[in-house]
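Q: Here's the letter readout for the chains.
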Amino acid sequence: MHGFVSLMGQETLVQRLQQAIISGRVAHAYLITGAPGSGKKTLAVAFAQALFCTEQPGTACGTCRNCRRVEARNHPDMIVIEPDGGRIKIDQVRDLKDRFSLQAYEGRWKVGIIVGAETMTVEAANSLLKLLEEPSGQAVIMLLSASPSMLLPTIVSRCQRIAMKPIPRQLIASFLEREYGLSPETALVIAGLADGRLGQAKELAQGPNLARIEEIRSALVGRESPGLKALRLAAELDAEPEALEFALQVVVTWLRDMLLLALGCDRQVMVHQDRYEELLEQSRLYSPSAIMQAVWQVEVAARALKGNANRRLTLDALFYQLADLNSSSRASEVYKYGKSSGSQI
Amino acid sequence: MSYLSLYRKYRPQRFEDVVGQEPVVRTLQNALRRGRVAHAYMFSGPRGTGKTSLARLLAKGLNCRQGPTPEPCNVCSNCRLISDGYSMDVVEIDGASNRGIDEIRDLRENVKFAPTEGGYKVYIIDEVHMLTTDAFNALLKTLEEPPEYVVFVLATTEPHKVPKTIASRCQHFQFHNFTTEQVVMRLQQVAAAEGLDVEPAALSLIARHAAGGMRDALAILDQAVSFQGNRIEERHIAELLGVVPEEQIGKLLNHIAGGERLAALTLLQEIIGGGADVQQLTKDCISFLRELMLARTGKIGAAQQQAALDAAGGQWPNLSSLPMERILGLIDVLAGALADMRWVSPIWLPLEMAVIRGCGEYPQEAARQAAVIQETVISELRERIQRLEKLMASLLAAQGVPGEGEKADVLVDALGDGVKPKAAEQQPTSSGKGTQRTAIPSSAADRAVEFQDLLARWGEIAERLRQERQAPVEAFLRESKPLGFDEDGRLVLVFPRVKEFHKVSLEQPRNKEVLQRVLSHIAERPVEVVCYFEDEIDQTNGFVQTAGNALGEEQPSKGSDVIAPERPASDAGNPALEAALRIFGGTVQEVRCEAERG
Chain A
10 MHGFVSLMGQ
20 ETLVQRLQQA
30 IISGRVAHAY
40 LITGAPGSGK
50 KTLAVAFAQA
60 LFCTEQPGTA
70 CGTCRNCRRV
80 EARNHPDMIV
90 IEPDGGRIKI
100 DQVRDLKDRF
110 SLQAYEGRWK
120 VGIIVGAETM
130 TVEAANSLLK
140 LLEEPSGQAV
150 IMLLSASPSM
160 LLPTIVSRCQ
170 RIAMKPIPRQ
180 LIASFLEREY
190 GLSPETALVI
200 AGLADGRLGQ
210 AKELAQGPNL
220 ARIEEIRSAL
230 VGRESPGLKA
240 LRLAAELDAE
250 PEALEFALQV
260 VVTWLRDMLL
270 LALGCDRQVM
280 VHQDRYEELL
290 EQSRLYSPSA
300 IMQAVWQVEV
310 AARALKGNAN
320 RRLTLDALFY
330 QLADLNSSSR
340 ASEVYKYGKS
350 SGSQI
Chain B
143 MSYLSLYRKY
153 RPQRFEDVVG
163 QEPVVRTLQN
173 ALRRGRVAHA
183 YMFSGPRGTG
193 KTSLARLLAK
203 GLNCRQGPTP
213 EPCNVCSNCR
223 LISDGYSMDV
233 VEIDGASNRG
243 IDEIRDLREN
253 VKFAPTEGGY
263 KVYIIDEVHM
273 LTTDAFNALL
283 KTLEEPPEYV
293 VFVLATTEPH
303 KVPKTIASRC
313 QHFQFHNFTT
323 EQVVMRLQQV
333 AAAEGLDVEP
343 AALSLIARHA
353 AGGMRDALAI
363 LDQAVSFQGN
373 RIEERHIAEL
383 LGVVPEEQIG
393 KLLNHIAGGE
403 RLAALTLLQE
413 IIGGGADVQQ
423 LTKDCISFLR
433 ELMLARTGKI
443 GAAQQQAALD
453 AAGGQWPNLS
463 SLPMERILGL
473 IDVLAGALAD
483 MRWVSPIWLP
493 LEMAVIRGCG
503 EYPQEAARQA
513 AVIQETVISE
523 LRERIQRLEK
533 LMASLLAAQG
543 VPGEGEKADV
553 LVDALGDGVK
563 PKAAEQQPTS
573 SGKGTQRTAI
583 PSSAADRAVE
593 FQDLLARWGE
603 IAERLRQERQ
613 APVEAFLRES
623 KPLGFDEDGR
633 LVLVFPRVKE
643 FHKVSLEQPR
653 NKEVLQRVLS
663 HIAERPVEVV
673 CYFEDEIDQT
683 NGFVQTAGNA
693 LGEEQPSKGS
703 DVIAPERPAS
713 DAGNPALEAA
723 LRIFGGTVQE
733 VRCEAERG
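In order, the protein sequences belong to chains A and B.
First residue of the first sequence? That's 10 in this note's numbering, and the numbers climb one at a time after it.
First residue of the second sequence? That's 143 in this note's numbering, and the numbers climb one at a time after it.
Pulled out of the complex, with its shape left as it was, chain A reads as follows (with noise of 0.2 Å):
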């Protein structure tokens, strides 16, 4: 699998910039929008090699030594910038100016790709400003960003954007079943959960992964003492930070489902098609608004570890109050009754 070839699903963006390199309409800013795991900088590596390409220039033939050079991150007129530390810092754009300030080795195209360019600190991206605006010569700098709505609007409005389109959840599947060897069930919901990126399903398809989202979902059907399901569960993920984010995705996908499901949608949108039995069940033991206040903690949870909240704790209360679902009130009640009982005695 090379350049362009293995971008499925974003056809449309692949021939538009296949286009633009063949009609000498290459821009010299790009930025390439998507949710991570999106294919952005699969997308940026095969427009590169599609500039570079000296068998099938425009399209990539991803056999030259170009394209090679490229695949492998070392062709001389290409950088290829990171956050380090997690942020991209002022000296590491410096470098790119001053590599873009010469002419090409090869004398050709100058590509910079900057991955995660939201992180660059306020310094780093105000001092790319100009260089973004008129870069001299054959030059082409890519932005990827997951999180556009966090970059300077002057960096913005100096490049074209390109935004990743989600994968069609069939095409995804059928991916996953292909390449992963998974069941027509299972992919289907693999791919929902991967919201349209390939990249996502393709992590998810793990092993490890599959059997936690398997695992998370049986606590969520099951009925004896969810309290301690709940808490092992936040146990678990709290040792499993990298699992947290597609476990509360499980979690409030399957809750939506019930909500669609009560509000009398489809089974055709829900995510957990293949429970569906089971999601029916469900949804008819809760309110719909309760459920949606299950949705609104979900999201007040997820907000709060984005924002570094200690995490064992978050997950604790967000598992208890699911745990409880329909007695939301009731669980508060008894808060304040222990704590009244207490100052009494």
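Treat each hint with caution, since some may be false.
[What the hints assert, rightly or not] Simulated pairs of lysine to aspartate or glutamate, EDC-like, Cα-Cα distance not exceeding 20 Å:
hint, chain 1, residue 1, chain 2, residue 2
1, A, Lys-106, B, Asp-244
2, B, Lys-532, B, Glu-522
3, A, Lys-315, B, Asp-482
4, A, Lys-106, B, Glu-234
[To be verified] Between beta-carbon pairs, the in silico distance windows are:
hint, chain 1, residue 1, chain 2, residue 2, range
5, A, Leu-253, B, Gly-440, 47 to 53 Å
6, A, Gln-24, B, Asp-474, 36 to 42 Å
7, B, Glu-402, A, Trp-305, 20 to 26 Å
8, A, Leu-253, B, Lys-425, 24 to 30 Å
9, B, Lys-425, A, Ser-15, 30 to 36 Å
10, B, Gly-177, A, Asp-93, 50 to 56 Å
11, B, Met-466, A, Trp-305, 22 to 28 Å
12, B, Arg-432, A, Gln-282, 35 to 41 Å
13, A, Gln-24, B, Arg-468, 39 to 45 Å
14, A, Val-131, B, Leu-436, 33 to 39 Å
[Unchecked claim] Covered stretches of chain A, as calculated for chain B (at least 3 residues, CB under 8 Å):
hint, stretch
15, 163 to 172
16, 269 to 278
Hints were generated in silico from the structure; no laboratory data involved.
We put the CB at the ideal spot given by N, CA and C, even for glycine.
With chain A held as given, fit chain B onto it using these hints.
A: Positioned in the frame of chain A, the structure of chain B alone reads:
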């Protein structure tokens, strides 16, 4: 020469090419014409409004062979050098990269050398807000009194980050965002020059999306051309920007406004499945509602307003009848969703929830909740009544057997108009013992309620007394504290020991009569008054304290009849225990109170 972006290619090269920013352009041209060019300018404004372009134009105007001139020729060697960026006399400095004091020191050294080609040396410091404090301060002296052939232009998007001392040495020009019309105009010029065939609707979509930044607009046009070729339609732009057509948005909002939850959710799924940018979609929904709101308030042009309302009325009946509060509510909900998208994955989830919320209440759900609330209220009230009844029974038991005769007596009292003189003369102590007078005009709960009503209207009493020119009575009354009605329906007033004078005065028949008349009027039944000292209250057996400290400063309840809140003594029925069992399962081994150990 490689391909140049449209926004670089069509950077204004003459003053008349500049769209908008008339005050700035006119001032600069006049300065050039009259030879009154200042030595330092500061250009500030949002991205893509022409700061750098005008700085270069100014440099050209100064250094043109025919210059200084308000219309640089663009053909002489100086003009061309400046256009191509090779001029020795126009130094463009990237303030964000060369931000240290050393770079500014270099600049100070170089300022000394006279211009080589033209008459002026122009220093353009772009992104000047990123200079360090030291750098700024090193620049101060040079900026204030540079050699006569030097002109500084500082350009920045963030003028508030520039020190006051710098700003005060410059002529400050503020650049404004372009209006949509101005952007469209410029786009038309560029499209014509490039030989493009662009739909007007496409241009206005670009302009709206660019939000006032000319560079943004030209970048989008550029992208469209590179992807689409020379013929560009609105749908190409919409696709490029991931914008959902207005028609779809209107339809979605129409469903929401009509509370058609299922239709709205299905449509939303469809739109998202089609690859729309969810954040953009949310923003577009908000601005759609905003336009509707503005049309409603008549804050936009009449024609535009009518068009918006017509569109809403014809295609989307639910929207045209949407009340203002719901528009505001929907905007609120959507804005909340937009904020949540930063944290929540999948990203469309907040929007979906917002749609559900926006559709309004769930009818069955609301009914169910109402029933639950009603039930809780009723059971609470029942509990309270039971408690009061129990209390009453215990009080009655303490006072002996209830006498039927007394009840009749009170009844007579109630029938008689005005005040019963006999009661007025009664000694408080004798009635306080209350061994015989056990009949009650109404239940304890009723009395409490009545007393609360009276307290609520306490101000009226004082008011009325003053109106009746009975200010002294009001003054005496003010020192007392109403405690409640006793079981004879008399109002109990208490005085501190030190206010004996006031108590005695109020007890004088004349004063008391006035007060009772007023009270009776307000309570709409004959009311008698009894007065006690605070320390006597304990002895007044048979008095139910209801709201002793509702008025005035709080008073520790001395009455013996404080109702203790019921606590479950046994394990059964303990809600905390039940909840714990429900959450964790298992069986109860032992119940122990944490504090008992300590």
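Q: Hints first: check each against the structure and report whether it holds.
A: Verification of the supplied hints:
Our distance criterion of 20 Å between C-alpha atoms is met by Lys-106/A and Asp-244/B, whose separation comes to about 19 Å. With a CA separation close to 15 Å, the supplied pair Lys-532/B and Glu-522/B stays within the 20 Å bound. A hinted pair counts as satisfied when its Cα atoms are at most 20 Å apart, and Lys-315/A with Asp-482/B qualifies at roughly 12 Å. With a C-alpha separation of about 16 Å, the suggested pairing of Lys-106/A with Glu-234/B holds against the 20 Å cut-off.
In this structure the hint that Leu-253/A and Gly-440/B lie 47 to 53 Å apart at CB holds, the actual value being about 51 Å. For Gln-24/A and Asp-474/B, the Cβ-Cβ distance of about 41 Å falls inside the hinted range of 36 to 42 Å, so the restraint holds. Separated by about 23 Å at the C-beta atoms, Glu-402/B and Trp-305/A satisfy the suggested range of 20 to 26 Å. Between Leu-253/A and Lys-425/B the beta carbons are some 29 Å apart, a value that agrees with the proposed interval 24 to 30 Å.
In this structure, Lys-425/B and Ser-15/A meet the distance hint of 30 to 36 Å, their C-beta atoms being roughly 32 Å apart. Between Gly-177/B and Asp-93/A, the C-beta spacing of about 52 Å keeps the proposed range 50 to 56 Å intact. Checked against the hint of 22 to 28 Å, the C-beta distance between Met-466/B and Trp-305/A comes to roughly 26 Å, which is consistent with it. One distance hint, 35 to 41 Å for the beta-carbon pair Arg-432/B and Gln-282/A, holds here, with the actual separation near 37 Å.
Distance hint check for Gln-24/A and Arg-468/B: the Cβ-Cβ separation is about 43 Å, which falls inside the suggested range of 39 to 45 Å. The beta-carbon spacing between Val-131/A and Leu-436/B, approximately 35 Å, falls within the hinted interval of 33 to 39 Å. Coverage of the stretch 163 to 172 of chain A by chain B holds [criterion: at least 3 residues with CB-CB distance below 8 Å; count 8]. With a threshold of 8 Å between beta carbons, the proposed coverage of the stretch 269 to 278 of chain A by chain B holds, since 6 of its residues qualify and at least three are required.
Consistency note: the structure conflicts with none of the earlier hints.
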